[in-house]
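Per my numbering, the sequence shown starts with residue 31, numbered consecutively.
Worth double-checking, as some hints may not be accurate.
[To be verified] Restraint-style ranges between C-beta atoms, simulated for each label pair: (1) GLU364 x ASP421: 16 to 24 Å; (2) SER332 x GLY489: 35 to 43 Å; (3) SER332 x ASP365: 18 to 26 Å; (4) ASP560 x ASP51: 49 to 57 Å; (5) GLU480 x SER310: 45 to 53 Å; (6) GLU97 x ASN225: 51 to 59 Å; (7) ALA626 x GLY302: 18 to 26 Å; (8) SER332 x ASN225: 16 to 24 Å; (9) ASP160 x GLU573: 24 to 32 Å; (10) SER310 x ALA227: 32 to 40 Å; (11) ASP421 x SER332: 54 to 62 Å.
[Said to hold, decoys possible] As a list, the in silico DSBU-like pairs of lysine-lysine whose alpha-carbon atoms are at most 35 Å apart: (12) LYS40 x LYS168; (13) LYS136 x LYS297; (14) LYS309 x LYS523; (15) LYS523 x LYS606; (16) LYS523 x LYS452; (17) LYS452 x LYS543; (18) LYS327 x LYS484; (19) LYS532 x LYS484; (20) LYS458 x LYS532; (21) LYS396 x LYS137; (22) LYS430 x LYS168; (23) LYS523 x LYS168; (24) LYS136 x LYS396; (25) LYS532 x LYS452; (26) LYS309 x LYS173; (27) LYS606 x LYS589; (28) LYS452 x LYS488; (29) LYS543 x LYS523.
Hints were generated in silico from the structure; no laboratory data involved. For glycine and all other residues, C-beta sits at the position ideal for the given N, C-alpha and C.
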Amino acid sequence: MVEVENPGTKKVSTLLDDIDDGSYVIPYFQRGFEWEPQMVSELFESILQNYYTGLLLFWELDEARSEQEEWDPVWGAELNSDPEKAVLDGQQRLSSLYYAIHNPSKKFPSRESYYIFYLDLIDALNGEFDEAISYRWKTRNYKGWSELRQERDEWIETGEVPLCILSADDPDDANGEYIGSTEFREWASEFIEENSASLPGDVAPWDIRDILETILDYNFVVYPLDSDRGIDDICNIFAKVNDTGMKLSTFDLMNAFLYPSGIELRKDLWEGLDNDQLKSLDSNMDENLLKIISLRKQNYCSSKYLYNLIPGEETVREEPDGTRYEEVLVESGEDFEELWEEAVGYAEQARSMIMNTGDREFGAIKSDFIPHATILPVLAAILWEYDGQVDETEFKQQLKRWYWSAVFSQDYSGSSDTMMGKDFRDWKSWLETGETIEQISKVDEEFVRELDLKDVDKGSGRYNAIICLIALNGAEDFYRASILGTGDFVDSKINDHHIFPKKVDGLDEETSKTFDSLRDSIVNRTLILDKTNNKIKNRKPSEYLERMEERNGGEQEVKELLENHLISETAYRHLKNNNFDDFVLQRERDLKEEIAGIV
31 MVEVENPGTK
41 KVSTLLDDID
51 DGSYVIPYFQ
61 RGFEWEPQMV
71 SELFESILQN
81 YYTGLLLFWE
91 LDEARSEQEE
101 WDPVWGAELN
111 SDPEKAVLDG
121 QQRLSSLYYA
131 IHNPSKKFPS
141 RESYYIFYLD
151 LIDALNGEFD
161 EAISYRWKTR
171 NYKGWSELRQ
181 ERDEWIETGE
191 VPLCILSADD
201 PDDANGEYIG
211 STEFREWASE
221 FIEENSASLP
231 GDVAPWDIRD
241 ILETILDYNF
251 VVYPLDSDRG
261 IDDICNIFAK
271 VNDTGMKLST
281 FDLMNAFLYP
291 SGIELRKDLW
301 EGLDNDQLKS
311 LDSNMDENLL
321 KIISLRKQNY
331 CSSKYLYNLI
341 PGEETVREEP
351 DGTRYEEVLV
361 ESGEDFEELW
371 EEAVGYAEQA
381 RSMIMNTGDR
391 EFGAIKSDFI
401 PHATILPVLA
411 AILWEYDGQV
421 DETEFKQQLK
431 RWYWSAVFSQ
441 DYSGSSDTMM
451 GKDFRDWKSW
461 LETGETIEQI
471 SKVDEEFVRE
481 LDLKDVDKGS
491 GRYNAIICLI
501 ALNGAEDFYR
511 ASILGTGDFV
521 DSKINDHHIF
531 PKKVDGLDEE
541 TSKTFDSLRD
551 SIVNRTLILD
561 KTNNKIKNRK
571 PSEYLERMEE
581 RNGGEQEVKE
591 LLENHLISET
601 AYRHLKNNNF
611 DDFVLQRERD
621 LKEEIAGIV
């Protein structure tokens, strides 16, 4: 348990005043406001029932540290030049309170809309609090209190009042609260009269005010830490106490632990990274960059190993013969930042290799088609490790076999830290001594033969891998006959579409018995332009193939075009005969033949 001084409580109303005047700030080593709207609603429902909602942990700021300006404001509030307290635990709750009650003209985090939170007075006055808080959003125009106040008749009709009523002033007295105003009492009386059938018989206007004041009067448990605590101590406390609410990620914790070394991991290194393609590739890309460094420095990348990257941290290493020794992997903050920059560079190389269609690349022309984003850190670390120990052509051939084996084995489909470390260590051994990379040996001819591709549905790793193979094969659009690579249709929408249309009209029941179960399978999918797909619509293949022949010069040209979609001449005949059952069986054989040729 963290030792703290002067534990006590603070009302919501007092906390809001302190936030509004800029007294509370968020340290840069914290994550941002990340709660979902429903979590905000649930917080207020707990407050209405006087449930315990966790402690708030603050760090008192002395004048010197206050002036360092290494702070963010609580979401929606303004920074003060002289903040008094840094929030170590409780940012999500304080931001939720402020956003819902003060209704700042700021879009909800990770949303493109302004959110307004409402209290259902009919539920609340009947003691039903579990779903008493709701929210609505405005996509374009912010709606402030003056506009919301004009909707008082609607409040009566719905029974819902905006929570920002709690921060509104008395229209006749700037020093008074709206919920104590004459206007509010008159409204409350009208509300009770109009909704009497749904309310307890003895409800009075002051009962409505009491319900609202329940929120403002709720007490949070507050623990302040004295200003004489050092930043190292504060960062460690921050990391330890965040075991309630939203769990901190390893990246969040590393952000805190690296701060004393002068490294602002989130603010400078991650948010300042000028590579939107890389950053948006995967929600865990920030942590994946740390894993690349960890693989390169110590051959492992699970969370417990990432902490060994803290500058000056001693870690116990072991030689192949079992000899143990201590080593500092990263000497200083400057060393860490250099490693980060290198990791970013190799991550971009790996991203480019995965997302392009060259001879030795992997064909994910859209990020949605990447089979497993968890492969990227290993690929990046391999590229970093390689320094010409073997012939480049041999290296790239081996890399290609490993990549496709890893994809089709599905070893990277879940939590894969162990597999990532194992594959990287195997790669190091291969580079040094030529030893076998076990991953490559997993996917052999027998493995491919046993694959059931008919059961491979949209979004899975194997599904995406086959879409990538189609892109690598130089597939051309059915009607426009231009290669569907990354650079040919910059302004067009290229997607994976059905070969037999999803709602195709007029198929023979005798040759389409498996249509309902297999129409969405990868054996009935390929890459074409959305525009072409819209033209095909619900036509039978025999009908749109005629159109293809007109557009592309004849039947032979269409056969050749379809071969690049991994549709063989045999599959083409079934397609032309509208024979779905035989088509999918042959297409599966065609796809397996392609897979066998690359692993």
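Here's how the hints hold up against the structure:
1. GLU364 x ASP421: 16 to 24 Å: 36 Å, violated
2. SER332 x GLY489: 35 to 43 Å: 26 Å, violated
3. SER332 x ASP365: 18 to 26 Å: Since SER332 and ASP365 have Cβ atoms about 22 Å apart, the given range 18 to 26 Å holds.
4. ASP560 x ASP51: 49 to 57 Å: 53 Å, holds
5. GLU480 x SER310: 45 to 53 Å: 36 Å, violated
6. GLU97 x ASN225: 51 to 59 Å: 53 Å, holds
7. ALA626 x GLY302: 18 to 26 Å: 45 Å, violated
8. SER332 x ASN225: 16 to 24 Å: 57 Å, violated
9. ASP160 x GLU573: 24 to 32 Å: 56 Å, violated
10. SER310 x ALA227: 32 to 40 Å: Check failed, 52 Å falls outside 32 to 40 Å.
11. ASP421 x SER332: 54 to 62 Å: Distance hint for ASP421, SER332 is violated at roughly 33 Å.
12. LYS40 x LYS168: Holds, at about 32 Å.
13. LYS136 x LYS297: 20 Å, holds
14. LYS309 x LYS523: With a Cα-Cα distance of about 22 Å, the restraint between LYS309 and LYS523 holds, given a limit of 35 Å.
15. LYS523 x LYS606: This hinted pair holds, its Cα atoms lying about 26 Å apart.
16. LYS523 x LYS452: Violated, at roughly 38 Å.
17. LYS452 x LYS543: Between LYS452 and LYS543 the Cα gap is close to 44 Å, so the pair fails against 35 Å, i.e. violated.
18. LYS327 x LYS484: Not OK: LYS327 and LYS484 at ~42 Å, beyond 35 Å, violated.
19. LYS532 x LYS484: 16 Å, holds
20. LYS458 x LYS532: Violated - the C-alpha atoms of LYS532 and LYS458 are around 47 Å apart, more than 35 Å.
21. LYS396 x LYS137: 29 Å, holds
22. LYS430 x LYS168: 49 Å, violated
23. LYS523 x LYS168: Distance of about 29 Å is within 35 Å: holds.
24. LYS136 x LYS396: 32 Å, holds
25. LYS532 x LYS452: 42 Å, violated
26. LYS309 x LYS173: With a Cα-Cα distance of about 33 Å, the restraint between LYS309 and LYS173 holds, given a limit of 35 Å.
27. LYS606 x LYS589: Holds, because 11 Å separates the two Cα atoms, which is no more than 35 Å.
28. LYS452 x LYS488: Within the cut-off at roughly 29 Å; holds.
29. LYS543 x LYS523: The hint holds at about 32 Å.
In summary, the numbered hints that this structure violates are 1, 2, 5, 7, 8, 9, 10, 11, 16, 17, 18, 20, 22, 25.
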